[in-house]
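Take the given structure of chain A and dock chain B to it, following the hints.
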Amino acid sequence: MDIILDGIRQAFILLVTFDPEVLGITWFSLKVSGTATFISLFFGMSVGTVVALTQFPGRKFVVSLINTGMALPPVVVGLFVTIFLWRNGPLGFLEILYTPAAMILAQAIIATPIVTGISLASMQQLPKKLRLQILALGATRLQMVRILIREARLPLLAAVMAGFGGVISEVGASIMVGGNIKGYTRVLTTATVMETSRGNFDVAIALGIILLLFAYAINLVLTYVQQRERPR
Amino acid sequence: MLKFKRNPFLTGIALAAAALVIAAGITTAEAAKAQKAVILATTTSTQDSGLLDTLIPMFEKKTGYFVKTIAVGSGQAMAMGAKGEADVLLVHSPAAEKKFMADGNGVERRLVMHNDFIIVGPPSDPAKIKGMKKATEAFKKIAAAGSIFMSRGDKSGTHAKEMDIWKTAGVKYEGEKWYQQTGLGMGQTLAVAAEKKTYTLADRGTYLALKKGLGLDILVEGDGILLNIYHVIEVNPKKWTKANFAGGKAFADFMVSKDVQAVIKTFGVEKFGSPLFFPDAGKKVEDLGL
Chain A
1 MDIILDGIRQ AFILLVTFDP EVLGITWFSL KVSGTATFIS LFFGMSVGTV
51 VALTQFPGRK FVVSLINTGM ALPPVVVGLF VTIFLWRNGP LGFLEILYTP
101 AAMILAQAII ATPIVTGISL ASMQQLPKKL RLQILALGAT RLQMVRILIR
151 EARLPLLAAV MAGFGGVISE VGASIMVGGN IKGYTRVLTT ATVMETSRGN
201 FDVAIALGII LLLFAYAINL VLTYVQQRER PR
Chain B
1001 MLKFKRNPFL TGIALAAAAL VIAAGITTAE AAKAQKAVIL ATTTSTQDSG
1051 LLDTLIPMFE KKTGYFVKTI AVGSGQAMAM GAKGEADVLL VHSPAAEKKF
1101 MADGNGVERR LVMHNDFIIV GPPSDPAKIK GMKKATEAFK KIAAAGSIFM
1151 SRGDKSGTHA KEMDIWKTAG VKYEGEKWYQ QTGLGMGQTL AVAAEKKTYT
1201 LADRGTYLAL KKGLGLDILV EGDGILLNIY HVIEVNPKKW TKANFAGGKA
1251 FADFMVSKDV QAVIKTFGVE KFGSPLFFPD AGKKVEDLGL
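Going down the list, the protein sequences come from chains A and B. For the first sequence, the numbering used here assigns the number 1 to the initial residue and increments by one for each residue that follows. For the second sequence, the numbering used here assigns the number 1001 to the initial residue and increments by one for each residue that follows.
If we strip away everything but chain B, and leave its shape as in the complex, we get:
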């Protein structure tokens, strides 16, 4: 008869079985935690600017909820909301939001804050748009010059705004040689635009956060069409019974509360020299201006 030493591989298999048990344990622990979890679907700009890193811990401390922030484009965030896979949305794509509400996916849509979009490009400015007052005119000139424009192309709020400007300007852009799409977030798209020395549309917050060493200048700003407005929406619990409505509402109420609005007002001043967002709770969209 052969003698057998303790075999490390069989020990490994035993450990694997133990790992399965641990994983199962984690699963049950998670289920208990899920009661208090709020899924926040939001845009990349609120995360990439660092605003949520400041606000989420405040909210969690105050209410005891646990926030799962899923930072995706506004388009995807709303798709999650429309499937009942998120409890509350913080998004910046007004036309799509109105449709979302009209379809009965949301309960309440409240104005939180705004900043603005800017057209950025290389300092050499091949299409000569620097200082133009109208974003639509600037877009026409970029198209006429055939200078490359880098689009997000990801159905985000920024992408929606960009398509809105092209449409208003009456420029055919789809399939044009000078029109390129990254399909990436704002930060990465800015990096691509900088590297390839092209124009792009960006939200001011992300641009300011990345400005250092980017080599892209603000060329057009201040046009009313460039307003970038953020709303908070609770997902409709009548449509999606599994949604955590209480938690979603608590977060929405929190975002428009006085304390948070005060934080938004000064957020980024220290680091970037100017605020990244302007608080707007209680105001009307029509009253906002640039």
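Looking at chain A on its own, in the form it has when it is part of the complex:
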């Protein structure tokens, strides 16, 4: 138990003294996972909306693939991204292995199916009649999609939180494609793994606490946006 108290104390010290290394790692974690989440929102929401609002042969199969993608293990994504990005791999010419760009790529791949799956479900749960009603009022198809997105605001923000939560807490892919390089590709989770293997359990716990606080702050903001009064 002592070690947990030490960890909490350590987290407090690191936070109040604005430890530059920890701040740097935290900020970098936000940048990487934030960018990855935005990219996944772009693809995930587009694909999710299209699949939710259209009918085509094999649709159920596509939906089942998307839902399976939500269970994509980060470490498997990491392995494949690494193999593709190797110098002598198919995308080796990009020369981005062990860089933040590779981490963003891997995390975006992890988050996209999560966002797609939840977007799809949230758009689909809107009553079918709503669409007819909106169109009957003279809205164009694009306007209809915009209204539907607004109607599905609550579950869609849940998609954002799930996607972001999935990648900020992920370690397998980040350590493989980023390499946990000090001051360059080290994020909160990979630093926690390293400090654990160094036997600095208090620092590892402290980093874990900082990660949680940080995820809480982000989710608090998103929850406020989600739960505020509906605009009239």
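Keep in mind that the hints are not guaranteed to be accurate.
Said to hold, decoys possible - Derived DSSO-like pairs (lysine-lysine); straight-line CA-CA distance at most 30 Å: (1) 1141/B - 1155/B; (2) 182/A - 1036/B; (3) 1036/B - 31/A; (4) 1265/B - 182/A; (5) 1239/B - 1284/B; (6) 1258/B - 182/A; (7) 1177/B - 1141/B; (8) 182/A - 1083/B; (9) 1155/B - 1172/B; (10) 1134/B - 1265/B; (11) 1212/B - 182/A; (12) 1167/B - 1128/B; (13) 1061/B - 31/A; (14) 1242/B - 1061/B; (15) 182/A - 1155/B; (16) 1242/B - 182/A; (17) 1211/B - 182/A; (18) 1196/B - 1167/B; (19) 1197/B - 1155/B; (20) 1211/B - 1239/B; (21) 1258/B - 1061/B; (22) 182/A - 1141/B; (23) 1155/B - 1212/B; (24) 182/A - 1249/B; (25) 1133/B - 1172/B; (26) 182/A - 1061/B; (27) 182/A - 1062/B; (28) 1061/B - 1083/B; (29) 1099/B - 1258/B; (30) 1155/B - 1130/B.
Because the hints were derived from the structure by calculation, they are not lab data. Small disclaimer: the values here were computed from a predicted structure and weren't measured.
Chain B only, in chain A's frame:
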């Protein structure tokens, strides 16, 4: 006609597009940086002991190269080198290194430093090996007693050494009930061994770094077979044209330079009371002893 307020979600999509542009920007910036980047594939012990945290900034300041340290087991480090995915290796698995060189994957293999492996276990020492002089005899006794031995099982240098000792001792260990594998790094394996009160083979550096609160004692040390030797190897640019040979060579030269050898000599004395590594540049492996 309906009126539309500014929709936060469409703004989000616009931001996502912007994020893509930023990511693309980072990618191009990285490509420029890649010229000066050296990929160092090394073992976990050099990172976990903190040695590289001291040496890498020295190297970067001196040469202007940017080092990407990938700390994995020696086995994986050499696999990276053999695929041309690393520029320089700092590893401690001599038999595998010789094969690596024989296969033409490396240019030069230079001795950097050594420390030693130790057999650690719970203070109760169920197999009664404490103070034994021969590691092979101690391993035989652990096997005979059926006391649990925790192996790294990850093809690291430490794992290679451990298998070497089992083989020399002539003990069948694979599939035995008392032989367990973690598949983890040294630090985590020590933690597992401590928690389950089992024996394990560790490098002294990592053990000293973690000793506090671990509850594992050094039981056998000082046998010649327990020598742990680190070499630096540049990856062959003839085989892998994309490798940064100049950078790799600069790092290898740096590791055997006088300044660095002096740093290695005193590294860890302040924190652990004894050095973690002994500098050996220019020496021959045969001259090393315990």
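Taking the hints in turn, this is what the structure says about them:
{"no.": "1", "hint": "1141/B - 1155/B", "result": "holds, 24 Å"}
{"no.": "2", "hint": "182/A - 1036/B", "result": "holds, 16 Å"}
{"no.": "3", "hint": "1036/B - 31/A", "result": "holds, 24 Å"}
{"no.": "4", "hint": "1265/B - 182/A", "result": "holds, 24 Å"}
{"no.": "5", "hint": "1239/B - 1284/B", "result": "holds, 28 Å"}
{"no.": "6", "hint": "1258/B - 182/A", "result": "holds, 25 Å"}
{"no.": "7", "hint": "1177/B - 1141/B", "result": "holds, 15 Å"}
{"no.": "8", "hint": "182/A - 1083/B", "result": "holds, 24 Å"}
{"no.": "9", "hint": "1155/B - 1172/B", "result": "holds, 18 Å"}
{"no.": "10", "hint": "1134/B - 1265/B", "result": "holds, 27 Å"}
{"no.": "11", "hint": "1212/B - 182/A", "result": "holds, 25 Å"}
{"no.": "12", "hint": "1167/B - 1128/B", "result": "holds, 21 Å"}
{"no.": "13", "hint": "1061/B - 31/A", "result": "holds, 27 Å"}
{"no.": "14", "hint": "1242/B - 1061/B", "result": "holds, 24 Å"}
{"no.": "15", "hint": "182/A - 1155/B", "result": "holds, 25 Å"}
{"no.": "16", "hint": "1242/B - 182/A", "result": "holds, 24 Å"}
{"no.": "17", "hint": "1211/B - 182/A", "result": "holds, 24 Å"}
{"no.": "18", "hint": "1196/B - 1167/B", "result": "holds, 25 Å"}
{"no.": "19", "hint": "1197/B - 1155/B", "result": "holds, 23 Å"}
{"no.": "20", "hint": "1211/B - 1239/B", "result": "violated, 43 Å"}
{"no.": "21", "hint": "1258/B - 1061/B", "result": "holds, 16 Å"}
{"no.": "22", "hint": "182/A - 1141/B", "result": "violated, 43 Å"}
{"no.": "23", "hint": "1155/B - 1212/B", "result": "holds, 27 Å"}
{"no.": "24", "hint": "182/A - 1249/B", "result": "holds, 22 Å"}
{"no.": "25", "hint": "1133/B - 1172/B", "result": "holds, 21 Å"}
{"no.": "26", "hint": "182/A - 1061/B", "result": "holds, 15 Å"}
{"no.": "27", "hint": "182/A - 1062/B", "result": "holds, 18 Å"}
{"no.": "28", "hint": "1061/B - 1083/B", "result": "holds, 29 Å"}
{"no.": "29", "hint": "1099/B - 1258/B", "result": "holds, 29 Å"}
{"no.": "30", "hint": "1155/B - 1130/B", "result": "holds, 27 Å"}
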